[in-house]
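Given the sequences, and given the hints that come with them, work out the whole structure.
Heads up: the protein sequence lines correspond to chains U and W, in order.
The opening position of the first sequence corresponds to residue 1 in the working numbering, with each subsequent residue numbered one higher.
The opening position of the second sequence corresponds to residue 1001 in the working numbering, with each subsequent residue numbered one higher.
Honestly, the hints are just simulated from the structure, not real lab data.
All clues stand as given, with none of them false.
Pair ranges (Cβ atoms, derived): (1) W:1175 <-> U:238: 18 to 26 Å; (2) W:1064 <-> U:245: 40 to 48 Å; (3) U:48 <-> W:1045: 51 to 59 Å; (4) U:169 <-> W:1012: 51 to 59 Å; (5) W:1377 <-> U:48: 58 to 66 Å; (6) W:1178 <-> U:66: 53 to 61 Å; (7) W:1230 <-> U:3: 53 to 61 Å.
Computed list of lysine-lysine pairs in BS3-like fashion (alpha-carbon distance at most 27 Å, straight line): (8) W:1228 <-> W:1120; (9) W:1198 <-> U:34; (10) U:170 <-> U:34; (11) W:1274 <-> U:342; (12) U:170 <-> U:190; (13) U:238 <-> W:1178; (14) W:1348 <-> U:173; (15) U:34 <-> U:44; (16) W:1278 <-> U:337; (17) W:1189 <-> W:1045; (18) U:35 <-> W:1035; (19) W:1035 <-> U:173; (20) U:118 <-> U:173; (21) U:337 <-> W:1274; (22) W:1274 <-> U:161; (23) U:35 <-> W:1348; (24) U:190 <-> U:173; (25) W:1284 <-> U:337; (26) U:108 <-> U:167; (27) W:1148 <-> W:1189; (28) U:337 <-> W:1264.
Backbone N, C-alpha and C fix where the C-beta goes; we use that ideal spot for every residue, glycine too.
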Amino acid sequence: MDWMGLKEEHKLLRQDIKRFAETELGPQVSETDKKGEPLIASMKKLAEIGGLGILVSEEFGGAGMDLLSLIITLEELAKVSPSFALCVAIHNLVGDTILSYGSTELKKEFLSSLSTGKIIGGMAVDTMLHPVTSDGKRERLIVNGTFSDIFGFSMEKEEKKQFVVLKSDKRLKEEKEMMGMKSSGICSFKPNEKEIIERNTFTIDSPDNFFAKMRVLFAGVACGISIASFGHARSYSKERYQFGRPIAEFGMVRIMLAEMASKANASEMLVYQASQESGILDREIASIFAAENSLYVTDKGVQIYGGYGYIKDYPLEMFFRDAKVLEVFSGSVDYRKVLIGKLLTS
Amino acid sequence: MKLAEFTDKHIAFREEVREFARKELLEESTQIERKGEFPWHIINKIKERGWLGVNFPEEYGGLGLDTTSYIILVEEIARVCASTAIMIAAHVSLACQPIYVHGTEEQKEKYLITLARGEKIGSFGLTEPNAGSDAGGTETTAEFVGDKWLINGSKRFITNGTIADLIVFTATQDRTKKTHGISAFIVEKGTKGFEPGKEEDKLGLRGSITSELHFEDCKLPRENLLGKEYEGFKVFMETLDGGRISIGVLALGIAQGALDYGIKYVREHSVNGKPLYKYQWVQKIISDAATEIMAARHLIYHAAMLKDRGAESVTEEGAMAKLFASEVSTRVCSKIHSIFGKDGVTRKYPLERFLRDTKLMEIGEGTSEIQRIVISRQILGR
Ligand SMILES: Cc1cc2nc3c(=O)[nH]c(=O)nc-3n(C[C@H](O)[C@H](O)[C@H](O)COP(=O)(O)OP(=O)(O)OC[C@H]3O[C@@H](n4cnc5c(N)ncnc54)[C@H](O)[C@@H]3O)c2cc1C
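So, in structure tokens, the structure goes:
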């Protein structure tokens, strides 16, 4: 849908990324998803059109664009490969976090290499909303972990939210078996207090902002998943004949399509709007809405494909799994709703 | 939870299956699905107990228990391993059942006994590339030539397809007659001109087999016709009437399995120092799930018990049970999943498997949309 707030530059960017996603990712996505292989070479290629340093200012080699531009990028990538979009979201977030909160030294050391794709950044998707065992041990999942050069994670120290950037090592090599987002190089990691030295650690002075930003990026990915799933289901419903006519002619199928379209479009509008507002509440609302609806939309997408939605020869099977993983990466939805309710009443 | 109508025999049988599932299946269930290999050793153990013919009379090689017992069996197995449960359901409800109901005495002697004893594995071939929901649109043809049936065509998405020794399937003798041109047949593995095809790479139920079937000038003896000529549609509609209850109970079992894990998890994990089960958002998820599961259980066992009491038809009740239970199960699995946070999407817990498995229940043996059509026809007429 065309949103009023989109500028010419956003529309051009969308075209570029769309073309990139279709030509570069399209031919590989099904195989790499089955094998669980990250598309590392494609990330480097995305760097050539500026996709790896979108929010980073030009002085550090980035594209210096706004949050909406990053969201549009993620959305277009996710329409073809949600896994790849997640990788790009995380990589960009590493750069943005260093840019927003890091020391000059760290900025100099990493930002331009990150923006040009010379190095790849990984990051823990831990948002403190994830349950832990009663002994309090926390295992973190690092996106881009298996192929990153550096990675970051947050931790509590003296009641402050600290962000730590480390060089990747062999501990990150072992891939975690996931239900979806299989090409995101996800691995688990347990931080070791000793290696956290001052030089590569900095304070995130507004953690709520930081997490809201992460979630709104994930919401961009979720929108891409929803819009693509709807698009596939719509085309399929016109091609698939049963009882002598396209299934798109059946009322119950039409209802599903209408619901999918409204939810996908509404999510996109909310997320775009939230990218322009810096308020945490707007972002939280948009991201929970987009996440929940992407589950609904992919679920109904599978349903419209019938038996063919259940097999890997058709795209909905992957979108269904990816949407679920993405949803929980932001924290349990109902817990997030409780927090939103709190924000709404405080 | 208790169902008021369970007899002591039902309860004892449920305990027996539960014990088996816990001992023999629980540990392996994740591996079975992950490897995507058919769990022969488990099936052999199930066979030894006679459960592959649980609800057929002893004279036909069965255990002589009722439909309710069969439904209990599928629920308790699905609660732990849905891949194994769907294999049993396809064998019992879709292969044994139509032979038991529509087969001649000779066919029962020849096929049902070995199937019910589990010496042979059965399967049911209805769906085709162009005939899914519209199963009446069968394109596979059957022609009576000389003294044999000549079969040509293909089937798709057939559970147990490549491992079945015997398949009940449909073919049309006259496409112009639409549903009234269809007949049902039995084909045995190894018959010339019959070949199972490609196995599907699926979202879930990866320990079960779903495959294509191909018939190319396949000749079948006259006596392999199941039921009367041109009454194949009736055969499979009746088969599905009962089969739906077993897909419904598969969904129920999966939902219960997810809830089992959810309860354990919220007792053992905390967020921000507070145990999960003390949060209202968690209590809401768990209590809604338990309530919906209870409601689904009532619908399912109600349909099964009606059948046991000799109800002429359970079309409406079976369709309602399947529709409700399958949608409940997807919702429950997804919700419980979300409590687990990232533990729900890695293989650390089987939650992610439950969600992938259960989605099929809204599709197989008639999609939810088709169930709604069946139910409204019962209520509103055609
Ligand atoms: C794992 C698995 C195991 C299976 N096992 C077996 C088996 O053992 N034997 C067997 O014969 N089949 C089996 N099937 C096939 C299954 O029964 C079919 O997939 C199912 O009936 C749907 O058919 P379809 O896939 O062709 O979808 P379609 O019929 O093409 O349906 C596509 C969409 O259109 C909707 N639709 C279709 N017609 C209408 C209508 N009139 N009104 C409203 N909506 C409509 C459907 O609800 C669905 O949403 C299996 C499938 C799977 C995936």
